[in-house]
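Q: Take a look at the letters that make up each chain.
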Amino acid sequence: MAEIVLDGISKRYADGTEALGRTDLTIGDGELFILVGPSGCGKSTLLKLIVGLERPSSGEIRVGDRMVTHLDSKDRNMAMVFQSYAIYPHMTVRENMAFPLKLAKLGQQEIARRVEQAAQVLELTELLGRKPAALSGGQRQRVAMGRAIVREPAAFLLDEPLSNLDAKLRAQMRIELARLQRRLGTTMVYVTHDQTEAMTLGERIAVLRRGAIQQVGTPRDLYLSPANLFVAGFIGSPAMNLLPAAVDGDRLRLPMADLPLPPALRAALPAGPRHLVAGIRPEHVGEAVPADDAGNDSGAFGARVELLEWLGADLYLHCDVLAQSDEAPTVDRGEGLATLRRELDLDAARSGPPRLVVRVGSDTRVAEGDTVKLSIPPERLLLFDAESGERIESG
Amino acid sequence: MERSPLETLFWRAGSLVVIAYALLPVAWILSLSLKPAADLNDGRFLPQRISLEHYRAILADAQFPAALWNSVGIASIATLLSVLLAMLAAYAIVRLRFRGRGLVLGAALSIAMFPPIAVIGPLFNLWRGMGLYDTWLGLILPYMTFTLPLAIWTLAAFFREIPWDLDKAARVDGATPLQAFVYVIAPLAAPGVFTAAILVFIFAWNDFLFAAALTSTNNARTVPAAIAFFTGSSRFELPTGSIAAASVVVTIPVTLMVLLFQQRIVAGLTAGAVKG
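These protein sequences, in sequence, are chains V and S. Quick note: the first sequence uses the numbering used here, first residue 30, plus one each step. Quick note: the second sequence uses the numbering used here, first residue 247, plus one each step.
Think of the hints as simulated: they come from the structure by calculation, not from any bench. Treat the numbers as computed from the prediction; the structure is a model and nothing was measured. Quick reminder that beta carbons are idealized off the backbone N, C-alpha and C, glycines included. Heads up, some of the hints might be wrong.
Calculated pairs, DSBU-like style, for lysine-lysine (alpha carbon to alpha carbon, straight line, at most 35 Å) [to be verified]: (1) V/Lys402 / S/Lys414; (2) V/Lys197 / S/Lys414; (3) S/Lys414 / V/Lys134; (4) V/Lys131 / S/Lys414.
If you want a taste of the chain V side facing chain S, the calculated C-beta under 7 Å gives, among others [claimed, not checked]: (5) Val80; (6) Lys103; (7) Met109; (8) Ser113; (9) Tyr117; (10) Thr121; (11) Pro129; (12) Leu132; (13) Gly136; (14) Leu151; (15) Trp339; (16) Ala342.
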């Protein structure tokens with residue numbers, strides 16, 4: 030068990046593609062650390078660098094006080110669980126779990142003891158004599174996990190371990206994994222492309238995009254104060270609403286409304302005209318009430334409900350904003366916003382009036398096609414620079 | 247889909263015709279080998295009297311047991327070496343991205359297509375000069391040359407089917423590259439190994455060309471070559487019975503080997519390694 034330190038590592042393949050830019054990262058002892066990002070973002074490469082299946086092009090890797098950069102993966106005492114499980118099909122479950130111990134030249138009794146113990150923890154005792162072909166997906170996943178824990182390794186590295194399971198089993202295994210990690214207290218690095226999995230599982234999460242770490246933080250950090258547009262759009266489901274915005278004196282101009290700019294935020298704004306992107310979470314848009322009275326004061330605006338998503342506890346409204354045609358076009362859509370929308374497959378990628386997703390109480394009575402009045406509390410707004418994508422932090 | 251009775255009949259009859267066509271000559275040889283010398287030309291398919299005199303005759307002669315021993319030894323060693331080398335070569339070709347990968351595979355294929363008769367003359371002179379003429383090694387080397395490409399291609403196809411994650415898992419589990427190969431990859435490639443072994447063994451066992459040209463005595467002459475040198479009891483008599491008996495004896499090991507290894511060629515041995 031030890032801290033894993035990545036010091037300025039990068040990975041460039043022989044054909045010139047850069048899989049991972051210069052990266053510094055410290056994963057604490059006993060931590061459950063998540064690497065999350067869309068496919069091709071370099072998260073699996075990062076994991077392979079840690080375990081030693083790939084050599085970094087630059088930088089060094091330390092585990093505890095030991096430098097492992099040039100150590101072969103067999104000497105790093107790390108255990109890995111592959112997305113495909115990669116359990117040995119010609120060996121029984123028992124032989125699979127005993128394999129790393131045999132290679133480590135442990136005694137027969139010690140091997141038997143450890144395998145029994147791990148099998149008990151993972152409820153595999155009855156399956157020890159079976160071959161992998163006779164196991165279900167979830168059981169194979171547990172065997173792969175068992176093969177990892179028998180070694181009592183310095184760290185567990187998991188590469189999308191649950192993505193081959195169906196949704197229900199995945200949720201169940203996720204909880205089991207988290208429980209197991211706490212019980213063993215071993216450092217665990219977990220790679221996933223699924224932000225829900227990342228948010229529910231991790232103590233700390235690193236969000237990657239195109240071979241670069243965007244932000245490292247707790248799920249709460251990432252959700253409430255994303256460092257940039259990418260993290261804001263990637264974390265959270267449904268995704269954060271992102272709208273083009275412009276500053277006009279002490280007012281913030283959005284396609285559908287003018288809002289007073291909170292003083293703290295205004296102070297942080299760089300001078301000069303800038304393209305901005307405003308972000309607001311679905312649950313922060315003001316409660317929808319049927320539009321019958323005209324209290325059109327504090328930035329309230331009308332929107333037409335295009336789609337309802339009723340989830341039992343929550344109701345999500347997908348609304349087309351009724352843009353105020355004379356004011357809206359003043360705000361240009363940032364180039365960065367368009368790419369991001371394509372990349373994250375955001376709903377708002379289409380052209381036309383901006384679309385908002387709003388969370389309301391599930392007992393709200395609204396029908397598709399209704400017009401609702403919405404309002405955005407200015408203090409809940411996050412502002413991003415449309416060009417760099419960085420968040421403009423107040424104070 | 248349900249087959250109509252007519253279709254079933256067609257397939258059964260077809261299979262019977264094919265089997266009869268393939269096995270009739272073998273049955274004829276077997277029948278010949280069991281006939282006493284006087285009945286050899288009686289033109290009957292089933293022998294009137296059964297006699298093992300031809301078998302006794304060939305085994306009593308010093309030439310045939312020596313040839314049998316040579317055949318078994320040379321074919322076994324050639325198979326063993328060929329498959330071993332082919333395994334390593336095929337694994338490297340499948341797993342490593344090195345320069346000239348395509349060249350190695352292409353060169354191997356072109357060697358396999360090279361007509362053996364074209365190298366016999368030079369080889370004869372070369373072997374004489376090097377002292378390899380009429381030795382086991384003198385036959386093992388050309389057999390390996392002509393069977394390695396086939397073995398490499400066969401095994402490469404099998405290795406390609408083995409998920410690469412298994413190598414990586416073994417490496418992370420603490421195995422050296424060799425251990426990963428020996429404990430994980432080779433057992434999974436066993437069906438391929440046996441397939442390659444059968445092909446190499448049959449080639450070496452049945453070869454007549456090299457054996458006839460590159461051997462001269464009981465030192466290294468194999469059975470196919472030895473049969474050609476059988477002589478009758480007088481110059482006016484064909485050694486038909488002895489040839490038939492020797493042919494039967496020489497067929498048995500190949501048949502046994504194929505039947506034995508066939509059981510090991512179990513499809514779907516990698517089932518359960520990875521999902522999907």
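Q: All hints, please: hold or fail.
A: Hint-by-hint comparison with the structure:
1. V/Lys402 / S/Lys414: With Cα atoms ~57 Å apart, V/Lys402 and S/Lys414 exceed 35 Å; violated.
2. V/Lys197 / S/Lys414: 29 Å, holds
3. S/Lys414 / V/Lys134: 20 Å, holds
4. V/Lys131 / S/Lys414: Status holds; Cα separation ~17 Å.
5. Val80: Interface hint status for V/Val80: holds (6 Å vs cutoff 7 Å).
6. Lys103: 5 Å, holds
7. Met109: 5 Å, holds
8. Ser113: Holds, because the Cβ-Cβ distance from V/Ser113 to chain S comes to roughly 4 Å (cut-off 7 Å).
9. Tyr117: Interface hint status for V/Tyr117: holds (6 Å vs cutoff 7 Å).
10. Thr121: 11 Å, violated
11. Pro129: Since chain S brings a Cβ to about 4 Å from V/Pro129, closer than 7 Å, the hint holds.
12. Leu132: Hint holds; V/Leu132 Cβ to chain S Cβ min 4 Å, cut 7 Å.
13. Gly136: Nearest chain S Cβ about 16 Å off; hint violated.
14. Leu151: Violated - the Cβ of V/Leu151 stays beyond 7 Å from chain S, reaching only about 17 Å at its closest.
15. Trp339: 34 Å, violated
16. Ala342: Interface hint status for V/Ala342: violated (33 Å vs cutoff 7 Å).
Consistency with the previously given hints fails for numbers 1, 10, 13, 14, 15 and 16, ordered from lowest to highest.
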